[in-house]
Amino acid sequence: MAALLQVDGLTKHFRVGQGVVLSRLGKTVKAVEDVSFAVDQGETLGLVGESGCGKSTTGRCLNRLLEPTAGKIHFEDIDVRKLRGKRLKAYRRDVQFIFQDPYASLNPRMTFGEIMAEPLVIHGIGTRKERQDRCKEMLQIVGLSPEHIHRYPHEFSGGQRQRVGIARALMLRPKMIICDEPVSALDVSIQAQIINLLEELQQEFGLTYLFIAHDLAVIRHICDRVAVMYLGKIVELGGWREVYNTPNHPYTQSLLSAVPVPDPEKQRQRDRIILRGDVPSPIDPPTGCRFHTRCPIAEFPICSDEEPPLQEVAIGHRAACHFAKAFPIPEHRMLGTDLFAGE
Amino acid sequence: MEDLQAAEQVNSPDGAGGGNGDSQAQEVGGRGRTLRGDAWRRLRRNKLALAGLTWIVIIILIAVTADLWVTRVLGDPIEIDTTRTAELSLQSPSAHHPFGTDKLGRDIASRVVYGARVSLLIGVVAVAIMVIIGLIMGAIAAYYGGIWDSLIMRTADIFFAFPYVLFAIALIAVLGKGIQNVFIAIGLLGWPSIARVFRSSILSVKETEYVDAARAMGASTPRILFRHIMPNAMAPIIVYATMSVGGAILTEAALSFLGMGVVPPAPSWGGMLSEARGYLFTAPWLMLYPGIAILTTVLAFVLLGDGLRDALDVKLKE
Amino acid sequence: MPALLEVDDLHMHFFTRDGVVKAVDGVSFTLEAGRTLGVVGESGSGKSVTALSIMRLIPEPPGKVVSGDVRFKGESILTMSDKEQRKLRGNRIAMIFQDPMTSLNPVHRIGKQIAEPLRLHKNFTRKEAWDAAVELLAQVGIPQAAERARDYPHEFSGGMRQRAMIAMALACGPDILIADEPTTALDVTIQAQILELMQEIQARTESAIIMITHDLGVVADMADHVLVMYAGKAVEFGPADEVFYRPVHPYTWGWLESLPRHDVDEKGLLCPIKGQPPSLINLPGGCSFGPRCAFARDSCRETEPHLVDIGNGHLSACHYCGDDEFVAQSPRCAAGGR
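Protein chains in written order, with this note's numbering: chain L, 1 to 343; chain S, 344 to 661; chain Y, 662 to 999.
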């Protein structure tokens, strides 16, 4: 069965430099480089990584908020990059977006009702009354009172605004939603509420999610499969159990070991892999394997000369490391025990 | 302080966002509190801005109703009673002529009131011209960017390079004197500032997530421009336009003072100042009252503009 | 011998046009040398304001310490003169802020900023201070410190800027280092570096650390003692093991339970705390957490609880924290909440 979304070799470069002249001479930020993955109907694929890894950029290329520089995107076997005009608009009914910042993603001069009705207006769906009814219904589904239709965003908290953002994304009954850090800007006690809401909605409406986040615990909880990104490339891709319990790529291992868990005893026992140095600039990424400058097990010259392909290390589990095939990882290569404090 | 502000954006380019202001959700019952309502409330609290607004309203009322009462109460601003000129001229302020009379025996108070009409008219029309041109230019520069942006902004820079009043005089010399040409001149010279302000306002709104959200829904470019960008980009323009009215009045006064603006005998504050030149010490009221009129009116607009800026600027709850 | 730092029932209110914001409304704790105190809470809980109050960095008006005391080595900070307070700041008590980009002055070189406290408090000459600054940069792990000291803040990455801030805070060898969300704006791998650095420094200098954060993981990693804050009040305080493994306050329960698990294989819905944090101007009557508490009883609406000692250095502000039956109620929820 073909995947709902198929991405092959997605690449996005940005020119740096202002003005007509400078941007021609300037450097390029290689934000996303040759990224490939597939998302099946009904599943949640997580894109996780630190800042500058390209996860948000990838998400935005998928619904053409940004235009990819190269690569193929197929949604239900339709070439997304070739869509124009009406067909692009129709695509946007099927693939919606939830934004990170609940304070910036809602137009402050529109009421909740207007914000939620807008997708319907744009696509010419329903009469005014029908739209209003649908808005009220949707407000209830996301846990708010239908009277709030006439109110403005600034009267509400971040969590409530994010609920409206989610409601807005649902109005067109999309097949897939790209969630770009939907809970990162929220208070801890509200994050759990919103995560639950997203999961319940997924069940109720049969949604497929591409979930972009930097919080490893949230990703582990909500995702079926996980893709770990570093400096524009996917370094590991697999089911959540595989990636979290038996991470193959050294970056994934370091990342997992770096996340502190709320368990003092575990924290005392854990081996932490501390990466040296900072993330290199995407303008000038390292040659060969982009992670080699910080990698604890890098070997030269292979790691600095050749880029490792994303290769199978187990069924449905791939990693982009020259030493990936040596799995289970032999003792002397194992970077640490108890990496994500799981057993 | 993080704990006080409901909306902190911890969205730094370095990555991880933190727990954020969910704590001050004030749910006001009943009808929504509009942004305009909030802004008005904030403006009301600013005493200086309110004073400015009040003064402007008073001036407008006086100017608009002038025909009804001024000539009867104070005397005609233009008519000269040639038989009694010597007797009437240069009288110091009295009950009959509260601001005194000028050298041709005309009542100064009446001339100040009619001069207000001129000033307000020029202020409003000149600013309207400059705003319309500026909005269009700024919108094109911001939305299309690239070569249009460079062309328009560099043209604006050229305008900025010239000394304003000199440029105005040159323009009037070309167009001729008279009130229409004054507001054309001021409007033509003023659009670059508005364009610049509007352009940067649009650019910042363009980058917001709600514009992205509109695009992600399939909104067309015109819809995004008119429904999302314009309403949110207008705030700085309102402020700038208000303050520009004050500036326009000042420019008109300068031009009329130099004899390049409103043609006598039509009263104009600048013109009156010009006429007062020889009488500074002998008949100070000739200069005093028009001068105060200019000062207070311009100040009123500036204070109001300032107050509007504070009232409109705070997008977040305090 | 008095504790290094003692905060005694501190109440710091802000008197604004819209009402009195009770930002800190009853916080008490002690801090010993060489120890780390983790202050956790969500935004609006008052944790930052508490720290700023200790440093007397809250502008007064509109802020005002309504009651309570803060004592450093037995001496009350709140009654000190301005001059004496300034002698403490940056010298004996130093602070690191959340966003290193805005807390470093963009127009001065890094070296100069680190040297500043030394020139101010220890009367170093410019050369001595600069050399010391380079040394400090090296100690916080900046490579090629001598050259990097000549850089401006925008030339440093986020992690490096935070290291520079730490160097600046450490310059005069303070007794207490207050870190206000120092790693919130940083990536996880950089956060690990910074936390490790702080622990290393603490081992070397024996300074006490107050770590303010909303991340329970960071607290579990760093803290010897934990203070949980909610709506301006201290709701639970105790050694880290006590608070994490034997919490007695329903808010702590709720918070720990709402986190996505890192170790279970089965995934169900999360157990969030229902409702939202209250407005600090209109606090609910009785217990501030009452409206959201799954275990609230009538008395919770009527009277405000105060911190009660339940043994083992463990305190909690709940009417029933001493009641074994109440505490034994399992916080595991039956179904996910919204």
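If you're looking for bench data, these hints aren't it; they were derived computationally from the structure.
Note that the Cβ used here is the ideal one computed from N, Cα and C, for glycine as well.
Hints are not guaranteed to be accurate.
As the list claims (entries may be wrong) - From chain S, some residues computed to sit far from chain L (all C-beta separations above 10 Å):
hint : residue
1    : 378
2    : 560
3    : 630
What the hints assert, rightly or not - Below, in silico cross-link-like pairs of lysine to aspartate or glutamate (EDC-like), each with a Cα-Cα straight-line distance of 20 Å or less:
hint : chain 1 : residue 1 : chain 2 : residue 2
4    : L       : 266       : Y       : 902
5    : L       : 175       : L       : 43
6    : L       : 266       : Y       : 816
7    : Y       : 928       : L       : 215
8    : L       : 266       : L       : 284
9    : L       : 266       : Y       : 918
10   : L       : 266       : L       : 278
11   : Y       : 928       : L       : 204
12   : S       : 390       : Y       : 745
13   : Y       : 928       : L       : 77
14   : Y       : 734       : Y       : 745
15   : L       : 27        : Y       : 816
16   : L       : 266       : Y       : 924
17   : L       : 89        : S       : 649
To be verified - A short, non-exhaustive set of chain L residues, derived as facing chain S with CB atoms under 8 Å:
hint : residue
18   : 63
19   : 74
20   : 78
21   : 92
22   : 101
23   : 104
24   : 108
25   : 119
26   : 125
27   : 127
28   : 128
29   : 152
30   : 297
31   : 322
32   : 323
Hints and how they fare:
1. 378: Given that some Cβ of chain L is not farther than 10 Å from that of residue 378 of chain S, nearest at about 6 Å, it is violated.
2. 560: 5 Å, violated
3. 630: At roughly 47 Å from the nearest Cβ of chain L, residue 630 of chain S sits farther out than 10 Å, so the non-interface label holds.
4. L/266 with Y/902: 11 Å, holds
5. L/175 with L/43: Holds: residue 175 of chain L and residue 43 of chain L sit about 11 Å apart, inside 20 Å.
6. L/266 with Y/816: Not satisfied, since the Cα-Cα distance of roughly 37 Å exceeds 20 Å.
7. Y/928 with L/215: 17 Å, holds
8. L/266 with L/284: 38 Å, violated
9. L/266 with Y/918: Judged against 20 Å, a Cα distance of about 17 Å means the pair holds.
10. L/266 with L/278: With a Cα-Cα distance of about 27 Å, the restraint between residue 266 of chain L and residue 278 of chain L is violated, given a limit of 20 Å.
11. Y/928 with L/204: Holds, at about 17 Å.
12. S/390 with Y/745: With a Cα-Cα distance of about 39 Å, the restraint between residue 390 of chain S and residue 745 of chain Y is violated, given a limit of 20 Å.
13. Y/928 with L/77: 32 Å, violated
14. Y/734 with Y/745: Status holds; Cα separation ~14 Å.
15. L/27 with Y/816: 18 Å, holds
16. L/266 with Y/924: 11 Å, holds
17. L/89 with S/649: 43 Å, violated
18. 63: 6 Å, holds
19. 74: With a closest approach of 19 Å, the residue 74 of chain L hint is violated.
20. 78: At 16 Å from the nearest chain S Cβ, residue 78 of chain L fails the 8 Å test, so the hint is violated.
21. 92: 4 Å, holds
22. 101: 6 Å, holds
23. 104: 4 Å, holds
24. 108: 6 Å, holds
25. 119: Holds. Min distance 5 Å.
26. 125: 12 Å, violated
27. 127: Given a least distance of 19 Å, the restraint on residue 127 of chain L is violated.
28. 128: Status violated, d = 16 Å.
29. 152: 5 Å, holds
30. 297: With a minimum Cβ separation of about 25 Å from chain S (threshold 8 Å), the hint on residue 297 of chain L is violated.
31. 322: Violated - the Cβ of residue 322 of chain L stays beyond 8 Å from chain S, reaching only about 27 Å at its closest.
32. 323: 28 Å, violated
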